[in-house]
Structure formats: structure tokens, C-alpha cells
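Asker: The lines below spell out each chain.
Protein chains: 2
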Amino acid sequence: MNSRVVTACLIIIGNEILSGRTQDANAAFFATALNDIGVRLREVRVIPDDEAIIVETVNAVRPRFDYVFTTGGIGPTHDDITASSIARAFGVALVLDPEARDRLDRAYQARGQEFNEARLRMAYIPEGATLIDNPISAAPGFQIGNVFVMAGVPSVARAMFHGMKHRLAGGQPMLQRTITCRLSEGLIAHALAEIQQAAPEVEIGSYPAWTDEGPRVSLVMTGTDQALLEAAALEIAAMIRGFGGEPVGG
Amino acid sequence: MNSRVVTACLIIIGNEILSGRTQDANAAFFATALNDIGVRLREVRVIPDDEAIIVETVNAVRPRFDYVFTTGGIGPTHDDITASSIARAFGVALVLDPEARDRLDRAYQARGQEFNEARLRMAYIPEGATLIDNPISAAPGFQIGNVFVMAGVPSVARAMFHGMKHRLAGGQPMLQRTITCRLSEGLIAHALAEIQQAAPEVEIGSYPAWTDEGPRVSLVMTGTDQALLEAAALEIAAMIRGFGGEPVGG
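Chains A and B are the protein sequences, given in the same order.
Residue 1 is where the first sequence starts when you use this note's numbering, and the numbers rise one by one after that.
Residue 1001 is where the second sequence starts when you use this note's numbering, and the numbers rise one by one after that.
Don't read these hints as lab results, they were simulated from the structure.
There may be inaccurate statements among the hints.
Not everything, but these chain B residues come out facing chain A in the computed CB check (under 10 Å) [stated by the list, open to error]: (1) Asp1024; (2) Val1046; (3) Pro1048; (4) Asp1050; (5) Glu1051; (6) Ala1052; (7) Gly1075; (8) Gly1091; (9) Leu1094; (10) Leu1096; (11) Thr1180; (12) Ser1184; (13) His1190; (14) Val1217.
Note that beta-carbon positions come from the ideal geometry of N, C-alpha and C, so glycine has one too.
All chains should be built: construct the whole structure from the sequences, respecting the hints.
Answerer: Here it is in C-alpha cells:
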């Protein structure tokens, strides 16, 4: 663990998200799981299954973040073009990985299914990449440079992540506290800004909502120092009481 | 309506999404609502509440898409920096909009709330921008060039979109059909690729899932021509029956 900020970008490759057919579930998982090991997710991009766009996006973000994760497009069908696109982004060949082939061979034998040519596609990875285990459906992901290529199916992406997260060098985990009250955001905005100015190491976010009982606002404190978070939480609770509100949580 | 493809990019501005605290609901809404009027969502970016990143992202995407939508960061608190960041991206001043001020004034009078300095911030928009109505909480969004700045709260974002979508010139709406079967994706991959090759105007996506009853795959056909979609659906259904499966839907 080190004290600098370790950053990540998630690239979600999938026409099904961009068409609205499927609600993405991977962004929230990676955000939380990365934060737990001290890596901050700083950007998410959802892009189509399009080789030129995948190549351009991967090459745009990989110098800018410590880690890049992709989800989607590593299955056996014609629309699964992530592995070949990543190979092109790195300027390397797509090669048959004997270990990946053996894993798939064993898995299909165990299931009594044919290991056909389409399924063999899933054993091809960019030259120089290392495998990421897939304990659910055998077809592996892979790592090349700082890019980690994972499945799009959320259960598989999660299993892959938990199997490879030891490879990641994290920084300090971000801690978070939330205080909610039934005051209007605009009423407390000025006082809240003063608390933020006095506590620059705590990032304070304000998230309003409108309920049947009237306005509500969630004040979210984020930072790496537990004592500073607690001090900010006390300030915020006192501020809320000063406006006649009742702080909840903290 | 015209026949060329009209494209859009959605920029979700929000630390709360990147921290995993909040599950985004706007991407799926914009994907569907844009498609209904013939605009294809081609990219989504989730970025932090950071002026430099907002400016860079907006300026990177606005020449590349017909329309850019942003959600988040237009409230009264210190972390609401979208309007000033967009002004900077366009190189214009942030100015008090008299109409926006009047709307807010009326709304706060009606609610018996004070129209204080923090709330007045929500009446500032980039010079040359036009307002986007907010029928829920009064504070308007705005349009400048091809960039549409909306609220982050999903109910408000939706109301804003429905009030301004007549400003968008759409192309042909994308139509979609889905056929599901209980076959393994790898079994049908080769035959599916042949159907795709023979029907280049229909985009066929393959989405596997693993259920307690075994594998399942959803085959999603997307295109602008109803007759071509139906022909592809018939081919896919016949292919599934050829493998001993039972096509559902279509």
C-alpha cells in the first residue's frame, strides 16, 4: 500500500448497453471492488463493438490511468472482437494460448459438449498477454500491459476480478460517510461550502432528492483519513441542527 | 427524418457513480429515449466533478457526435460545477439569465422558501445558451451548440428530455427483435456468423447467460428495415431448430 492515488478506467464494450436493452451492472461493481483495494475508478466509457473504436479508446486511456479494465466481447460469436482489437491496439499478434485451449478442452469434455472451431476462438489472446482465470465458464480473460480484459456477464466479470485482484497494487482505500437530512439543498448550500473550504482533504458531495415528504439531501464525505472524516461529519451534523433539521447517519 | 445515422454521446458527471455509491439510471434512459426518436447513443462517459476533466471531455466529444448530453452537477451546492465548466469549454462567460432567475424566484415564492445566493447560482448559464425547462424543481438545464446540459436526478433528467426532444433532428429509429433459446452460444456460433454475413444490414448480437436450467443465449437483431429484420429472425429461428433447440420470441 502506498500513499499516492492509484487510478483506473473501465471500458464497457457492448452495443447492448448503448441500445438500452441491458442495464449495465459492471460499473458499480468495479467502482466498489476497486475502491476496497485502494484503486480509484476515475472514468467509465461505454463503447460499441467496433474494432476501430476499441483500439482508439484503449490506446487513449492506457497511458492516462494506472489500470484499465475492459468488460465484454470475449465469447465465441462473430460479435466478440475484443481480443483481436486489443491485440491490434498493442500492435501484437493474436495467438493460440495452449493453456487456454487445454482449459476449454477439459471444460467441454466435462460438459459433454463439442470443442468446435467457434469455441476455440476463445483460446486466442494477444501475444505476451497472461491469462485471467474464469472459474465459471472456463473461457479466460487476459492481461496485457496495464489492461485487464474481462467477460461482460457480471457474474463472470466478478469471479475473474476476485481471482486476479492480487495483481493490483493499490493505494489508500477511500472511506465514506453519509449524513442525510430533510432539508432543501439550497438552504444549506452556503454553510456546506464553508465546511468544504475548511476541510479540503475531505471531498463533500451533495445529492438532493424529492420525496413525498418533501426535499431530502444526502451529504457524502469521502477521504482517506478517518479522523478528518469524523470531524467533517460532526460539523455537518451541527450545521443541519442549526437549520432546524435532524441529521441521520454519520 | 433523414436516412443518415444521427449520433449522440452521453457524459455522466458524477463522483457518486464512480465511487459505486449510486447506480446510474440515466444511461439506459437516454439510450432508449434517443433511439425512439432516431438518434443512436454511440458512447457514454462517466467522469468526476472536476472542471479540467469536464472541459476536456466536452471538447473532445462535441465535434465527433451530432448531439452531446450531460447529466449532473447543476444544483446549488459547491460541487455543482457543470455550468461554469461548460462555459469554459466553449470559451464564453457564465451570465445571469433573467428568465431562469424569474422561474426560480416564482418557484421559491410558491414553496415559501428563501431565494438565497446559493439558489441564485442555478440561474447562471453560459452566454448564448438557451434554457431547457425543468417542470419538477424549476432550476433549468441549458443548450449551447450541440451540447444539452441536464440534471443528474433521473426524474428531472427525464422531464427535461421530454420537454426538449423536439429540438433534435433524428434519423431512422432502430428496430430490434430478440430470439432466445436454451442452446450454448458456442454451439451455434458458426451458423450464426453465416447468417450475419448474409444479412450485413442487420446487426446481430449474441448474449449468453447461465441459468439453473443450463445455458441460454439471446440473439438480438437490430436494424432500420422491418422486412430485413423479419427475414433474419426467420433464419435464426430455423437455425435454432436445426440444432434441436426451441426459439422463443422473434
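Asker: None of the hints should be skipped; say for each whether it holds.
Answerer: Each hint, compared with the structure:
1. Asp1024: This hint holds: aspartate 1024(B) lies near chain A, its Cβ roughly 7 Å from the closest one there, short of 10 Å.
2. Val1046: Hint on valine 1046(B): holds, closest Cβ of chain A at ~4 Å, below 10 Å.
3. Pro1048: holds, 6 Å
4. Asp1050: Holds: closest Cβ of chain A sits about 9 Å from aspartate 1050(B), inside 10 Å.
5. Glu1051: violated, 14 Å
6. Ala1052: violated, 12 Å
7. Gly1075: This interface hint holds because 6 Å falls under the 10 Å limit.
8. Gly1091: Since chain A brings no Cβ nearer than about 24 Å to glycine 1091(B), farther than 10 Å, the hint is violated.
9. Leu1094: Interface hint status for leucine 1094(B): violated (17 Å vs cutoff 10 Å).
10. Leu1096: Result: violated, 16 Å to nearest chain A Cβ.
11. Thr1180: Violated. Min distance 12 Å.
12. Ser1184: Holds. Min distance 6 Å.
13. His1190: The hint holds - histidine 1190(B) has a Cβ within 10 Å of chain A, the shortest such distance being about 5 Å.
14. Val1217: Holds, about 9 Å.
Hint compliance for this structure: hints 5, 6, 8, 9, 10, 11 are broken, all remaining hints hold.
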